[in-house]
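Knowing the structure of chain P, use the given hints to seat chain Z on it.
Next come the chains, spelled out residue by residue.
Number of protein chains: 2
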Amino acid sequence: MLRRGFQGAARLSHHRALLGASCILPRLNPTSAFGSSTDSLVSRFCPKETDLKDYALPNASWCPDMLSLYQEFLEKTKADGWIKLPSFKSNRDHIQGLKLPSGLAVTSDERDWRIFTRCIQVEGQGYEYVIFFHPSKKRSVCLFQPGPYLEGAPGFAHGGSLAAMMDETFSKTAYLAGEGLFTLSLSIRFKNLIPVGSLAVLNVDVDKIEDQKLYMSCVTQSRDQKTVYAKSSGVFLQLQLEQE
Amino acid sequence: MLRRGFQGAARLSHHRALLGASCILPRLNPTSAFGSSTDSLVSRFCPKETDLKDYALPNASWCPDMLSLYQEFLEKTKADGWIKLPSFKSNRDHIQGLKLPSGLAVTSDERDWRIFTRCIQVEGQGYEYVIFFHPSKKRSVCLFQPGPYLEGAPGFAHGGSLAAMMDETFSKTAYLAGEGLFTLSLSIRFKNLIPVGSLAVLNVDVDKIEDQKLYMSCVTQSRDQKTVYAKSSGVFLQLQLEQE
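Line by line, the protein sequences give chains P and Z. Per our numbering, residue 41 is the first one in the first sequence, and the count goes up by one each step. Per our numbering, residue 41 is the first one in the second sequence, and the count goes up by one each step.
Pulled out of the complex, with its shape left as it was, chain P reads as follows (with noise of 0.2 Å):
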């Protein structure tokens, strides 16, 4: 019913309501519960074996606080449950296998596609980041230092690249801890600048999942969380995907 639903949304041309309320929100039948368990969205989104480039890990350009706190969470995937999660190209290398409303099939096609967050593939020039998550807490860390080619101000961070760099960590995170697909909304306070080539750390947590959406916080801070750089809510739509 709910995947028919959205089928029914995603099956409108582009340039008609996939996402509109009426047609995104159909009533959620209550036994159907949503299926995919963490765990089985984790094991598929964390490939074991992969010839695909992991870009979530460290190379010459990290500061020494991105490295250092890189290797704090790495101790802690060994025994605290955190789950380092790897970041492709392309969404479309981490739902590979996946039945997707007809209207966001993936075709293949011979363009470069990226994901926003990767669209720069120079090392240190744009988005520096990776994500830690916490299944059982439903948190995620991210660690993120902006490059050059994301400036605002002289010097810092484009509030637009914090947004979505926002964005992209509640993705992840709404996606691992329900199946949550597609941002509905997005609020950020903006507090200090973040200084390029910088580290900042976002901490987002899962507050609820209610009426299929999933309510977000983050809190961005410098490592010693003397400096905060912003807080933001963000609520994501959950959609049941199937195996195929």
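It should be emphasised that the hints constitute simulated quantities derived from the structure, not laboratory data. What you are looking at is a predicted structure, and each value in this text was computed from that prediction instead of being measured. Built from N, CA and C at the ideal position, the CB exists for glycine as well. No incorrect hints appear here.
The calculated lysine-lysine pairs, modelled on DSS-like cross-linking and capped at a C-alpha distance of 30 Å, are:
| # | chain 1 | residue 1 | chain 2 | residue 2 |
| --- | --- | --- | --- | --- |
| 1 | Z | Lys-271 | Z | Lys-248 |
| 2 | Z | Lys-231 | P | Lys-248 |
| 3 | P | Lys-231 | Z | Lys-271 |
| 4 | P | Lys-129 | Z | Lys-129 |
| 5 | Z | Lys-129 | Z | Lys-88 |
| 6 | Z | Lys-253 | P | Lys-271 |
| 7 | Z | Lys-253 | P | Lys-231 |
| 8 | Z | Lys-271 | P | Lys-248 |
| 9 | P | Lys-253 | Z | Lys-271 |
| 10 | P | Lys-231 | Z | Lys-248 |
| 11 | Z | Lys-124 | Z | Lys-88 |
| 12 | P | Lys-253 | P | Lys-271 |
| 13 | P | Lys-253 | Z | Lys-231 |
| 14 | Z | Lys-231 | P | Lys-129 |
| 15 | Z | Lys-118 | Z | Lys-88 |
| 16 | P | Lys-231 | Z | Lys-129 |
| 17 | P | Lys-266 | Z | Lys-253 |
| 18 | P | Lys-271 | Z | Lys-248 |
| 19 | Z | Lys-129 | P | Lys-271 |
| 20 | Z | Lys-231 | P | Lys-271 |
| 21 | Z | Lys-266 | P | Lys-253 |
| 22 | Z | Lys-231 | P | Lys-231 |
| 23 | Z | Lys-271 | P | Lys-129 |
| 24 | Z | Lys-116 | Z | Lys-129 |
| 25 | Z | Lys-271 | P | Lys-271 |
| 26 | P | Lys-93 | P | Lys-118 |
Some chain P residues near chain Z, calculated using beta-carbon distances under 7 Å:
| # | residue |
| --- | --- |
| 27 | Ile-155 |
| 28 | Phe-156 |
| 29 | Tyr-189 |
| 30 | Glu-191 |
| 31 | Glu-208 |
| 32 | Thr-223 |
| 33 | Ser-225 |
| 34 | Ser-227 |
Quick list of simulated restraints, FRET-style, between CB atoms:
| # | chain 1 | residue 1 | chain 2 | residue 2 | range |
| --- | --- | --- | --- | --- | --- |
| 35 | P | Asp-149 | Z | Lys-266 | 22 to 28 Å |
| 36 | P | Lys-93 | Z | Asp-264 | 39 to 45 Å |
| 37 | P | Ser-108 | Z | Asp-91 | 39 to 45 Å |
| 38 | P | Ala-100 | Z | Thr-90 | 31 to 37 Å |
| 39 | Z | Ser-101 | P | Ser-80 | 37 to 43 Å |
| 40 | Z | Lys-177 | P | Asp-94 | 45 to 51 Å |
Okay, now just chain Z, sitting in the frame of chain P:
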């Protein structure tokens, strides 16, 4: 007083509160109006003679909708008071000759600084956009065509790429309409996905200027106005700038 207040804040090191409310919102001195007229800001922003490349000009990647609406607005620049804003590789090029708060002073630097929304220079792959501004209406229209490097869901623009485009259009509007410089908040409700390679039109209005803040709203829709992609609001902080 106002300048000193922000300069004080800006002198703080990068990791201290640049934009903490207590620092950036000193009590407004009612006798000190914001000095620069919109006309002088616009003429500074749109230099008649410059060697800088303007990225807001048509290229072979623009879709027919984008091209024809561009031509329509170009006509409006001749009679209806609209202004086409140039778009350089870096914000640093726009603010040459302005005395900035010291924490934001532009230092000479060999790095390839790019404003985030011009981070990708390959035509058609990333951001294609042009902003038109109407000084007396305090209104902007941004024609935005996302390329395949801005992908989120397969075939559609990442929500974060639209968020950044909104922030950038708000930012330029806020600056020209009233010396608005910094995003304080950004709030977006997403309604529909924007297909990669198609035109989205951002309609921005300055709703009010009060208490050193510009309140703006934006409706993003298809050219035929039948599909609303998103609605958003933004609040920007005014900062008085002086010519050197």
